[in-house]
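There are 2 protein chains.
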Amino acid sequence: MEIIKSFDNKRVKKFTKLLQKKYREEEQKFLVVGDHLVSEAYKANNLLEVIKTEDNNICLDVPTTYVTYDIIKKISGMSNPQSIIGVCRTLPPGNIGNKVLMLDDIQDPGNLGTIIRSAVAFNIDTIVISSHTVDLYNDKAIRASEGMIFNINITKKDLIPYIAELKNNNYKIYGTNVNGGKLVDDLELPDKYVIIVGNEGNGVKEEILTQCDEYFYVPMNSKCESLNVGVATSIILYELDKNN
Amino acid sequence: MEIIKSFDNKRVKKFTKLLQKKYREEEQKFLVVGDHLVSEAYKANNLLEVIKTEDNNICLDVPTTYVTYDIIKKISGMSNPQSIIGVCRTLPPGNIGNKVLMLDDIQDPGNLGTIIRSAVAFNIDTIVISSHTVDLYNDKAIRASEGMIFNINITKKDLIPYIAELKNNNYKIYGTNVNGGKLVDDLELPDKYVIIVGNEGNGVKEEILTQCDEYFYVPMNSKCESLNVGVATSIILYELDKNN
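Going down the list, the sequences are from chains C and P. Counting from 5, one number per residue, gives the positions in the first sequence under our numbering. Counting from 5, one number per residue, gives the positions in the second sequence under our numbering.
Do not rely on the hints blindly, as some may be mistaken.
Identical copies go unnamed one by one, so any copy, or any two together, can satisfy a pair.
To be verified - DSS-like, lysine-lysine: derived pairs with alpha carbons at most 27 Å apart:
#1 Lys176 x Lys209
#2 Lys47 x Lys171
#3 Lys18 x Lys227
#4 Lys14 x Lys33
#5 Lys26 x Lys186
#6 Lys196 x Lys25
#7 Lys246 x Lys9
#8 Lys171 x Lys17
#9 Lys227 x Lys9
#10 Lys246 x Lys186
#11 Lys171 x Lys144
#12 Lys171 x Lys18
#13 Lys227 x Lys144
#14 Lys227 x Lys196
In short, the hints are calculated from the structure, not lab data.
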């Protein structure tokens, strides 16, 4: 068994490039680090190959490259990673479902990952992300998703024309709005709907809000100006899943 | 007006030490960075002094040290901070309220800050943190709290004896438990209660769970093993605040 030890090895260099968004897009591949995420990728049929140390015990039926732990650290860009990395194919968008969550320019990868995890927990079918949302394949987003990125349909769109298209297909559009609307608890959703949440600093953009059929908000104590967007979105999805 | 430019300046060195937990505890002080957090500290009467650049516009009635932006970066430990830092006194624990949230060894400072923010939003009176919970004055925890750390009573305790004490004072104790109990939606809370949530990897410790009067959980799709602890706690607090 060959164990690659050199940082100058061509394959090591190629894998390491996948830390950069540009190369992920060029290659249509991304990396996941650690036993749990590699297993989730494998179960979802998205795992192309693995890179691991000799003493990692996970055995999967995909091409395997053995490397030193220092090379695992280099490829993952982490100081203390688990000893296995998976190379995955980027996720093909599937058909749009009836329960749609739309993200208007979420900036923090941890928030994006948290929202994906909660969307799976609360039975959303499809997540639509805007063009300026943080990269889905950012390592922090993938980690925060706890592998749930492999369990839901996610698609990137230019939101305004796409909202028009969905309206033509009888989706009702709901926007979060701190300035009013219904309590989230009072929403009665139709079969086909879209929930739009906005970004960390500004909420949903005005030109998108004007496209909505109805507005709603999460009630809270006035001492607190707002909730973390991952938290707010999760509360909304929990409440809507429970009531509808 | 004197503007400190030297990294070797004694006061700069003293402020910079507050990045370390050990010195925060020794000095009973901690730092907050940026206009919003400094203002929240001032409103809460916790601001001792500020360190800022000449062009920062915030004027507060506390001793002010002027420094260069490079020194702001050094003291804050951040690569791109806002141009003001507040030195605060550590928060004195107040009287315990009736609505208590107890955190059993939360490890991630972002999760701790998020939970504090949501606890204020959903009307918790007191947060009790266990001895091994991540430091409350960690800069990431303070940032994630969005300054809400100044708007709620927070106290550190050895949980097991403290739970016994609270029980003697007629508090009812509720533990989150993935293995069963009531739906969070079905809980009917008495006047005085304690909600216990556990840490990221393991949930609430067995020896603490056995002290609880009742258990509950947040229902979710089985594809998702668990929620982020900040999210789960926020959903619980939202639901309990709404129903009780």
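Open item on the list: As a check of your reading, is lysine 227 near lysine 196 (CA-CA no more than 27 Å) within one copy, between copies, both or neither?
Closed with: between (35 Å within a copy, 22 Å between copies)
Open item on the list: If the cut is 27 Å between Cα atoms, do lysine 196 and lysine 25 qualify within a copy, between copies, both or neither?
Closed with: neither (33 Å within a copy, 51 Å between copies)
- [ ] Go through the copies and call it for lysine 227 and lysine 144: within, between, both or neither, with a Cα cutoff of 27 Å.
- [x] between (31 Å within a copy, 21 Å between copies)
Open item on the list: Regarding lysine 171 and lysine 18, is the shortest C-alpha distance of 27 Å or less found within a copy, between copies, in both, or in neither?
Closed with: neither (43 Å within a copy, 60 Å between copies)
Open item on the list: With identical chains, the pair lysine 246 and lysine 9 could be close in the same copy or across copies; at 27 Å between alpha carbons, which is it: within, between, both, or neither?
Closed with: For lysine 246 and lysine 9, the Cα distance exceeds 27 Å both inside one copy (52 Å) and across copies (58 Å).
Open item on the list: Reference check for the pair lysine 14 and lysine 33, CA-CA at most 27 Å: within, between, both, or neither?
Closed with: Classified as within; 17 Å inside a copy, 51 Å across copies.
Task: Identical-chain pair category, lysine 18 with lysine 227, by Cα at 27 Å - done: The answer is neither: 50 Å in one copy and 33 Å across copies each exceed 27 Å.
Task: Intra- versus inter-subunit Cα pairing at 27 Å for lysine 26 with lysine 186 - done: This pair counts as neither: shortest intra-copy Cα distance 42 Å, inter-copy 48 Å.
Open item on the list: When Cα atoms must be at most 27 Å apart, do lysine 246 and lysine 186 count as within-copy, between-copy, both, or neither?
Closed with: both (17 Å within a copy, 15 Å between copies)
Task: 27 Å Cα threshold - placement of lysine 9 relative to lysine 227 - done: neither (56 Å within a copy, 38 Å between copies)
- [ ] Indicate which option fits the pair lysine 47, lysine 171 if close means a Cα-Cα distance not exceeding 27 Å: within, between, both or neither.
- [x] Answer is neither; intra-copy 35 Å and inter-copy 46 Å both fail.
Task: Homo-oligomer pair classification [lysine 17, lysine 171; C-alpha up to 27 Å] - done: Neither. Shortest intra-copy (46 Å) and inter-copy (60 Å) distances fail the 27 Å Cα cut-off.
In this structure, the earlier hints numbered 2, 3, 5, 6, 7, 8, 9, 11, 12 are contradicted, and the remaining ones agree with it.
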